[in-house]
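Visitor: Respectively, the protein sequence lines represent chains A, B and C. FYI, this note's numbering numbers position 69 of the first sequence as 69, with every residue one higher than the one before it. FYI, this note's numbering numbers position 336 of the second sequence as 336, with every residue one higher than the one before it. FYI, this note's numbering numbers position 238 of the third sequence as 238, with every residue one higher than the one before it.
Just so you know, the hints here were simulated from the structure itself, not pulled from any lab data. Do not take every clue at face value.
[Claimed, not checked] Think about it this way: if two alpha-carbon atoms lie no more than 25 Å apart in a straight line, the pair counts; the simulated DMTMM-like pairs of lysine to aspartate or glutamate are:
hint, chain 1, residue 1, chain 2, residue 2
1, B, K63, A, D242
2, B, K6, B, E38
3, B, K305, C, E37
4, B, K93, A, D301
5, B, K309, C, D35
6, B, K124, A, D301
7, A, K3, C, D197
8, C, K252, A, E199
9, B, K18, A, D204
10, B, K215, B, E82
11, B, K18, A, E199
12, B, K338, C, E24
13, C, K326, A, D242
14, B, K205, A, D204
15, C, K252, B, D199
16, B, K338, C, D197
17, B, K305, C, D34
18, C, K65, A, D202
19, B, K320, C, E24
20, C, K27, B, D323
21, C, K27, B, D12
22, A, K7, C, D35
23, B, K338, C, E37
24, B, K320, C, E37
25, B, K309, C, D21
26, B, K18, A, D128
27, B, K320, C, E23
28, B, K353, B, D273
29, B, K338, C, D34
30, B, K93, A, D242
31, B, K162, A, D128
32, B, K233, B, D111
33, B, K63, A, E169
34, B, K338, C, E205
35, B, K346, C, E37
36, B, K63, A, E199
37, B, K216, B, D323
38, B, K320, B, E254
39, C, K252, B, D111
40, B, K6, C, D21
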Amino acid sequence: MKKYIAKRMFVSIVTILIILLLLFCMLQFMPGSPFNDEKLSEAQVQVLNQKYGLDQPIVVQFVNYVKNVVKGDFGVSYSISKNTDISKLLNTRLPVSFRIGGQAVVFGAIIGIMLGIAAALKSGTWIDSICTIVSVLGVSLPSYVFALAMAYFLGYRANIFPLLYNSAEAFASSVMPTIALAMFSIATVARFTRTELLEVLDSDYMLLAESKGITGRTLIVRHALRNALIPIITVLAPLVVDLMIGSLVIEKIFSIPGIGSLMVTAIQSNDYNVTITIAFIYSVMYIVLMLAVDILYGVIDPRIRLAKE
Amino acid sequence: MAEREKILEVRDLSISFKTTAGNVNAIRGVNLDLYRGETVAIVGESGSGKSVTAKAAMGILAKNGQVNSGSIKFTYTREDGEKVSCDILKMQKKEIREHINGKRIAMVFQDPMTSLNPLMTIGKQIMEGMIWHYKTPKEEAYKKAVKLLELVGITDAEKRMKNYPHQLSGGMRQRVVIAIALACNPELLICDEPTTALDVTIQAKILELIRNIQKKTGISVIYITHDLGVVAKVADYVNVMYAGKIVEKGSIDEIFYDPKHPYTWGLLSAMPDLNTADSRLFTIPGSPPNLQKPVCGDAFAPRNKYALKIDSRVEPPMFKISDSHFAATWLLHPLAPKVEMPEELKKRIIRMKEEAAV
Amino acid sequence: MLRKKKVQMTETASAPVPVTDVEEYLKGIRFQEDDFEFQHMDEDLIDTNFASQSFWKDAYMRFKKNKGAVISFFCILLIILLAIVGPNMTPYTYATQDIKNQNLAPRVPGLEKLGILDGSETVKASGVAKKINKYISNKKTDVYYWFGSDSLGRDIWTRTWTGTRISLYIAVVAVLVDMLFGLSYGLISGYFGGKVDMVMQRIVEIVNSIPTLVVVTLMMLVLSPGLTSITVALIVTGWIGMSRIARAEMLKLKEREFVLASRTLGAGSFRIIFSEIFPNIFGPVITQTMFSIPHAIFTEAFLAFIGLGVPSPLASLGTMISDGYKNFTTHPYQIVFPLVVMSLLMLSFTLLADGLREALDPKMKEM
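Next up, chain A with everything else stripped away, as it sits in the complex (with noise of 0.2 Å):
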């Protein structure tokens, strides 16, 4: 197990380490350099280069773009706000996306296993009816359908919440954007528990269970729950990566002062930094994910647990 833990940490450096490179080379070959000015002259522009190393060669400009990474300086921004640290502009809008976007996971893995478990439970009558069609709606349609049919009708039309962000009523203003969010991972999550259940209800050791006269409550947590619910770890990780897509998207529209909304801008201004910089910040929180679900995977269940050692 350790060495199965330090292997996947091994490999999750190093793909960290390539999207840096990939990262740093589109940087190099992007349109246009910070200096694009025309009113600095040749040897304005070369003292500059200097000063930010831009005159080294390409490996050391890597070498030393890690470093600053590392570090948290992801450099300036071109466009949305002049020569103001990237780190800056993220330090207030990264709570605000982790918090809506937290809530959405939180909000959408709970839900989404309660319509699984009952669905499955109750396999047959209206209730899976009911997860079904939620499952159907929300796997087939993008968040911001949800998003955009919620603003109109509890924002606008019957004002139950703020149509946009508002950070004095933080709570309210996130209703309606982690409800959008979480869409998709309900739809996905109450799938998945409905399938890998009834597949455990149908095993044969739910049978030997049932056959040592185990019934109840019992019956379903122990045998069945316990066992079914291990895999759902492993769709949370691409739910996460789905929560940051529609994050883009659904920051734009409640005009939430988040990372997502931040990106938009800075793809629409063409601030490549900002936009390669928040794109990092993705890849690095995906990879940490998938790392910690498949350590968490390994130390739950014991086959994995104990084939390794």
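With chain A held as given, fit chains B and C onto it using these hints.
Guide: Here is chains B and C on its own, set in the frame of chain A:
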């Protein structure tokens, strides 16, 4: 011989399954008797309804299964020593779980690889039943579980208690499943193809194990198998099942040495044998009938070389051959033409008798 | 004739009765003269019980039973049809602008008399809702915009169906990417195994560990936004899912007897992969392809929403939604129509894929 005490009496059991393709009449009137301390085998092809019969007795039929008629009368000794009889088919699921499952009737399933909960240590799985039914204190349950593991021939029992199923081999797992089944001292053990998924060498060991346990505990056993070799080793009585009906029943000697039903002939002839002169392996032509359609007459008739005209219209009754031997074939009717079993089978039976004598 | 009747009578009399008393039972039977003659003593018995149904026929029957999938199938056909003829049904093209006709509500000839889609809309001005009809107030009584017009005075009907064409194009790209790249990658990786598989799987692992969103966004930054760039982005990211399925199926099948048999007979790798194994993994492949279509359509819409869609005046459903959302509180119709068409399209493809999966990969455990 002491008075035989009937422990299980299945009468006229009929079960059907609702499938997307239609209703399947899996069991069409099964009668079965089991006496205390004895072993009955149910033999038949896959899909003949062997397992369904057993599952009905355990109250663990699949959700789409439906009992149409019949009774399963089970007689057991209550905690206070009194004998109680009940019809399992008339009981609520909850009652069956509380009074029957695990406690009085236990089951061993076909595939040990899938019948253990992968997330529970085997110790916990053995102890679970005792704690559930008898509120046995943990320590006592632990001690008993270790003893059970030793009984089923697992070495290092204490150490194994902490193991998860995936750490054990198939044979070991089946031993664990048997230990689980024995945990609450049941009166009846149903073994549903207990050795099919195992290697031949381990098969023999498991069969021997069950036999030994039976000798020690006096438990009654129902064996469900398609393997006549297994039957020969373990059973006292044999029921041959075809298409949801029992077509021939008798003591082991009667079935092996004096079979009357053409289907039994077929099964016996199809047993692989080293001494057969004919180098071809005999098979029964065709495949079992589609039970979605109502069966008219004898279900085996289309595959039966000796089928009579009446077989396709009227179902044969169970003709009595001896007190324990019955067979459902029109060939036993006084008016029927005299038909002997095939020559090849006759020779084989003689050989079997010689072997048994040695 | 007579005999047949008799037979049936005895049948109904005997079949369901439990046989306990043989004597009684025998008394109840009317025996016939030839009852105790052999049926087919001298015939060779041939198996006639199960007329096997072909896999495809079986799958078709199962698919037909799935109402959602069938409706989805026809829904997709209808959308395709409208995408073909829709833009030619109006006097406008997707780029025709008429500044005088901006933000007109939907108005359909015929339906307007029923009081719906008559060009009127409710406007909220300083908290008071008011119903107005700009067609009448602007004296445009002979002008019809079936789905309304946008803020530049372009016809939404025409643009919606032109945009649908782009979504359908994206769907075709997704299918091709799956088939050409994903399928071959997975099949090759799974078939050759060993080092080839190791290297190929490491590549998949690395590509897969970067969120698709990041890859696509960065690609779009390097290339300029447009249909070509979207296509390239889909090619780069779209193949992974299919390659995994194809590899897994290949690993399952390649040790099977029929493949071994073919190999012993001297078939080459190419032949084994494409004529032995491919037909056997057709089901999962089709299903996966169907699932990747809504995903690709969504990717396009997502890119459009964050400003990387097809450049104006070209319309895709994504760009229309992105434009329409800016004033969706005042002119909801500008976003509703493209949104509904896209939702229907994605929903239908998902349901169709679900139906196909169930039809092609039955997991029936009923007894």
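Visitor: For a quick check of understanding: which of the numbered hints are violated here, in increasing order?
Guide: Hints 1, 4, 16, 22, 30, 31, 33, 34 and 37 are the ones this structure does not satisfy, whereas the remaining hints hold.
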